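Novice: Sequence:
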Amino acid sequence: MVIYAVKDYEEMSKKAASIIGAQILMKPDAVLGLATGSTPVGTYQQLVKWYEQGDLDFSELTTVNLDEYKGLPGDNDQSYRYFMNTNLFDHVNINKEKTFVPNGLEEDAVYECGRYDKVIEATGGVDLQLLGIGGNGHIGFNEPSDAFEKGTHCVALTESTIQANARFFDSIDDVPKYAYSMGVGNIMAAKKILLVASGEGKAQAVYDSCFGPITPQVPASALQLHTDVVIIADEAALSLCREKGVL
Numbered sequence: 001m002v003i004y005a006v007k008d009y010e011e012m013s014k015k016a017a018s019i020i021g022a023q024i025l026m027k028p029d030a031v032l033g034l035a036t037g038s039t040p041v042g043t044y045q046q047l048v049k050w051y052e053q054g055d056l057d058f059s060e061l062t063t064v065n066l067d068e069y070k071g072l073p074g075d076n077d078q079s080y081r082y083f084m085n086t087n088l089f090d091h092v093n094i095n096k097e098k099t100f101v102p103n104g105l106e107e108d109a110v111y112e113c114g115r116y117d118k119v120i121e122a123t124g125g126v127d128l129q130l131l132g133i134g135g136n137g138h139i140g141f142n143e144p145s146d147a148f149e150k151g152t153h154c155v156a157l158t159e160s161t162i163q164a165n166a167r168f169f170d171s172i173d174d175v176p177k178y179a180y181s182m183g184v185g186n187i188m189a190a191k192k193i194l195l196v197a198s199g200e201g202k203a204q205a206v207y208d209s210c211f212g213p214i215t216p217q218v219p220a221s222a223l224q225l226h227t228d229v230v231i232i233a234d235e236a237a238l239s240l241c242r243e244k245g246v247l
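Reminder that position 179 of the sequence shown reads as 179 in our numbering, one-by-one numbering, no gaps.
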């Protein structure tokens with residue numbers, strides 16, 4: 001596990017984008033695992049900027065997203081398909097037919113989870129998986145639980161995650177209560193993992209994930225077992241690690 005301490009969100013975004021950009025340059029037909037949420041927005045903006053400057057070509061890439069709200073269509077402005085389109089896909093020369101997100105409108109959870117696992121498998125494997133981290137240590141929508149989920153699954157979102165996502169909706173009652181998510185097993189199968197974290201609200205999760213016990217109560221702690229993990233975190237997100245003297 002390599003931890004890069006950066007000054008702020010802007011520096012975090014640029015460094016993360018440089019790692020993703022290097023992956024694209026080294027392997028133009030790479031498979032990227034992508035994340036949503038507020039943390040990676042700056043990273044996507046930087047990638048778009050480099051594309052516009054002619055420095056990156058997205059035409060051969062395949063992407064698979066971590067998760068999607070159950071019950072939201074892809075054209076809903078709070079769906080993760082919509083997020084990816086508006087923050088990245090609409091602004092670069094990617095083939096959208098090779099960008100995969102779970103189908104939030106599929107009511108049959110067993111079917112959709114099995115289908116999405118087959119989609120991931122058919123790509124040949126994720127070369128680089130981008131992750132954010134929740135305040136409770138969740139990655140994707142893998143919430144604290146009694147066991148690590150291996151494959152794609154339907155998650156009942158915790159109250160803390162619903163509260164954290166409520167700012168994106170008109171009312172907390174509008175926040176979906178379930179989501180489809182890659183499992184920790186899917187995530188750990190990626191050849192390389194890049195986790196970005198910003199803000200004091202992530203400090204406990206970063207400390208527990210990097211230096212605490214490996215436990216499904218902190219889903220991101222499983223990353224300690226991966227052979228190639230890069231974490232880019234700003235000073236606020238690393239504040240507890242500094243306080244504890246582990247960095």
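Take these hints with a grain of salt, some might be off.
[As the list claims (entries may be wrong)] DMTMM-like mimics (lysine to aspartate or glutamate), calculated; alpha carbons at most 20 Å apart, straight line:
no., residue 1, residue 2
1, LYS7, ASP173
2, LYS15, GLU107
3, LYS96, ASP127
4, LYS15, ASP228
Calculated directly from the structure, the hints in this document are not laboratory data. All values reported here derive from a predicted model rather than from experimental measurement.
Novice: Each hint: holds or not?
Specialist: Hints and how they fare:
no.: 1; hint: LYS7 / ASP173; in the structure: 36 Å, violated
no.: 2; hint: LYS15 / GLU107; in the structure: 39 Å, violated
no.: 3; hint: LYS96 / ASP127; in the structure: 18 Å, holds
no.: 4; hint: LYS15 / ASP228; in the structure: 17 Å, holds
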